[in-house]
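Student: Using the sequences and the accompanying hints, generate a full structural model.
Residues per chain are reported as follows:
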Amino acid sequence: MLFKLDSFTLIGIDAIKVSVEVHISRGLPEFIIVGLPGKAVNESRQRVRSAIINSGFDFPVKKIIVNLSPADIKKDGSYYDLPIALSILAASGQIRCGMFNESCFIGELSLDGSINPVKGLISMAEKAQSMDKKFFFVPYEIANQASFISSISIVACKSLVETVKVLTGGEQIEKFICKDKEKNISNRNNHYNFDLKDVKGQLKAKRALEIAVSGRHNIMLIGPPGSGKTMLAQRAVSIMPDLNLEECIEVTKIYSLYEKYANHLIQERPFRNPHHTISRVGLIGGGINPRPGEISLAHRGLLFLDEFSQFPKNFIEDLRQPLENKAVIITRNHLSYSFPCNFMLIVATNPCYCGYFGDEGRRCICSLREVRKFWKKISGPIIDRIDMRVTVARLKESSFIKTECGESSNQIKNRIKKCINMQNERFKGKNVSYNSEIGINIINEWLKNNKNIRDLIYTISRKYNLTARGMVSILKVSRTIADLEESENIKDCHIIEAVHYRVGSNNLDNSICI
Amino acid sequence: MKSSNGKKILYILVEKKVKPARFIEIYRTNYGDINKTLDYFYKYKSLKLEYKTNGEDHIDFNHSNSCYQKVVDFILKNEVGLLDIGENSYPDILRQIYLPPPLLFFRGNKIKKAQFSIAIVGSRKCTAYGREVAGYISRNLSKIGITVVSGLAVGIDSYAHKAALEGKGGSIGVLGCGIDIIYPPENKYLYEEILSNGSIITEFLPETPPLKNNFPVRNRIISGLCRGVVVIEAGEKSGAIITCEMALQQNREVFAIPGNVFNPMSRGCHKLIKSGAKLVESIDDILEEFSQYSGGILKLCGNSSYNNNRQANDKRGANLDNNELKVYEFIGYNPKSVEEIVKYSKIEVKEVLRILTSLEIKQLIKEDSFNKYSSLF
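In the order they appear, the protein sequences are chains A and B.
Just so we're aligned, residue 1 is where the first sequence starts under the working numbering, counting upward by one.
Just so we're aligned, residue 1001 is where the second sequence starts under the working numbering, counting upward by one.
Keep in mind that the hints are not guaranteed to be accurate.
To be verified - Not the full set, but computed from the structure, chain A residues with beta-carbon under 10 Å of chain B:
1) Q202
2) P224
3) G361
4) V371
5) T391
Keep in mind the hints are simulated off the structure, nothing from the lab.
Each residue gets a CB set at the ideal place from its N, CA and C atoms; glycine is no exception.
Tutor: As structure tokens, this is what we get:
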């Protein structure tokens, strides 16, 4: 009268195994769930009971104890309805089947016995795969999402009755196995609503974006209102190379926590654009039951902070560690949750409060003190982590009317792909994947081996009054520019161009700090 | 002897609460005899003057909570000098203005040595053009030994100071606050630099905050110290214009640098030019006005003129390669955007950006407003 089967719970975005144990014994009829069940788990008693009865089975009139082990981890959510119901049926001898050992189950039951979707399915499928299970029974509606995990068969059932039939051999299991994976990943039809060719003029900014995306450099766009900062940033995601399957799964893992009914694999690069009134937890992640924040939702994609200066200063400071580590670790109660957040950061800001500092047509009405105050708010360590700063000027009326458009996103994307491949080859086996992550040791090597670079950097830093960090940024960016041209070595012209994206806002800097 | 005179005046002004205007009035009625003046004030034990001076009471030490002893302590401790109106080294030219400061606090000795000074004033919020001109005029003036006086503010002032420190003329900064206060704070380093080849002066007591009213008062000293005032980029109503009005009252020359007609920052200068200020293109235009002061330093010096600069730059231009030359020639004096340059030259964007940076490094062009470039010379 004892029965056990495997299911999962989520800690952060990672799944861990939970054994659902059922013991049916004689005694006063009773139905108890132990093992730190949350409210939703406790309520599953009612759902399970109704579902079993409405599916035409008998609900044993005995003492039923369900244990969710490990018993010291708090469990919440409606994941366990299906495993509990199946365990009760098996423990009471109503079904017999040899597949239980090589399968695991997840799903919420409706009172009529149908199976409803749950959150975080893809993480669980991944865990099931690592446990060498053969079958994973999941809710039909979202099965597609889990089917991309390669070596496990995803069995998609619509109801409890169907599940029982599959398990007992009443139906062919092959009929229910979800096989969408091949079709889906090859047939990529990513399209973003935006294309870079919609942006008129702004040649410098477009070029800067291409470089930034190629080397995964964080970038800051500075310009007056209406100059197209937001427009450019929105389109940056359209020139990023497509996600590979591994990355898709990573992204879907995070998103499946939020979009419960997302039944597909997320294949588009995430583009997150949180408003500046967002809370700290919303941005970084956290909460009583920690959930990923915007920075994790932007994993493998773009985080765009518009009106950067409006974000509270401490939130901006919070970004430092995630930017460095590509993951954020949140500790609540006695558990640590780690959420990946490998994103590219684009920030956009006006140059001052009124927004027209450095604008050609309209006069800035801020006092210099205000301009300085404005920059003081956002300067600091985070700015140092932004390799490129590009000024964006307002378009003249005449150029707005002109219909000529630039390259389309796809053309640019192809160049970027090549550039990223080059970087991957160079950094093979190292702890680095993009030029923006190059450490100081590699840069020192360049400087040691190349006298030209040394001289040029010296001249430039004298002329523009650069800090050491500024020079490092310039070298990193110039490496990316060289990669874009498929050049083995960094040449002078590459460095000179890179300077443009560092001190392009020189005009501004100079006026601010004397 | 000298410094004791200074302390006496300080005592009269601070403890006896004599207004500077009153002090100057008595000083003048005694035909500039400082000892008699001092005696006059010492006769009154406690001088509560109900007396209305007909001078303008610009300064009111009463508002300062600092007392005589405190100020003296401060002066001794911080190596601040006192320069009183009776001293020989007090600039004659300043003594002649309507209301000269009876007492100056100073650091750096330039104030005692400066023979011939020109003031450079202008907007705090200057354009790239203003920045260049300020440096250009100031550097050349200083090179031939003329001291550049300005107000130690940000913008034009700070560029003028910086460039002047390179030459032998040096620079004098006139503060609108106590000598212990660095205002604006970002001029901290400039403050130190000036002491190496110039001086910082103020008539305000230590600890006087930079109040709004102080600045017009300070401006009369700026113009008072100089034979002429050069205005670079001023708005229609600005401190620079006030300085010019003072300069005219004090019988000083007013010079103005022309600017772009579309730029609101040129309004003030153009207005001055229309009403008779001299238009300045190079320091020769300034020196011309002072040919009668042939103190040896004021010969016209052709080598700093605009024309020569341009020739030098044409020579530099010879080093440019074809594309660079094409872009440089296209840019000209009217700001051109990156897009315009790309369209005209039919060179790739990245190439244009490279050219722009290298031209900038060669100091041939400058970024005017965002992504707009114009020729420097």
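Student: Hint by hint, note whether the structure agrees.
Tutor: So, going through the hints one by one against the coordinates:
1. Proximity of Q202 of chain A to chain B holds as hinted, the smallest CB-CB distance being about 8 Å (cut-off 10 Å).
2. Because the beta carbon of P224 of chain A sits about 8 Å from the nearest beta carbon in chain B, less than 10 Å, this interface hint is met.
3. Satisfaction of the interface hint for G361 of chain A is found here, the shortest Cβ-Cβ separation to chain B being roughly 9 Å, below the 10 Å cut-off.
4. Among the interface hints, the one on V371 of chain A holds; its C-beta lies about 8 Å from the nearest C-beta in chain B, closer than the 10 Å criterion.
5. Look at T391 of chain A: its Cβ gets to within about 4 Å of chain B, closer than 10 Å, so that hint holds up.
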